[in-house]
Amino acid sequence: MKRLLYLAAAVIVIGLGLASRRFRGELPPFIGTYSGDALWALMMYLLVSTLVPGRAIRTRALIAMGISTLVEISQLYHAPWIDAIRHTTLGGLVLGFGFLWSDLVCYAVGITAGASIEWGFLLTRKRSDL
1 MKRLLYLAAA VIVIGLGLAS RRFRGELPPF IGTYSGDALW ALMMYLLVST LVPGRAIRTR
61 ALIAMGISTL VEISQLYHAP WIDAIRHTTL GGLVLGFGFL WSDLVCYAVG ITAGASIEWG
121 FLLTRKRSDL
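Sequential numbering of the sequence shown, starting at 1, is according to the working numbering.
Please keep in mind that the hints were generated in silico from the structure rather than gathered at the bench.
Computed Cβ-Cβ distance ranges for the label pairs, DEER-style:
(1) Ala84 with Arg125: 44 to 50 angstroms
(2) Phe97 with Arg58: 27 to 33 angstroms
(3) Leu62 with Lys2: 17 to 23 angstroms
(4) Phe97 with Ala8: 24 to 30 angstroms
Glycine residues also receive a C-beta, built at the ideal position from the N, C-alpha and C atoms.
From just these sequences and the hints, can you work out the full model?
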């Protein structure tokens, strides 16, 4: 059941992320610039949670941040074969194009938001069980 919830949340976040890219010019500049990267990392947290739902929130957050950081660092590498992948729609969405330090901050914000929301739900559920 948990896996299905994480996966459903990931699909919703993917939709929000695509919308943030599609309507970037219509959003406030700060949101239009950074929300897509934060949502991408939140999606990564949710996908990691789908794969290993029994792990602690902190562990899943660290795994998601590790994957996100590796993907960002991979953007420093520009061989023709990987750039060809990046120039496809899916490849560009998954791998990105160029390294930016600000993306790492956005990733931390997105993953922290997801972990914090989940932690808050768990606390609320535990209190209601009392």
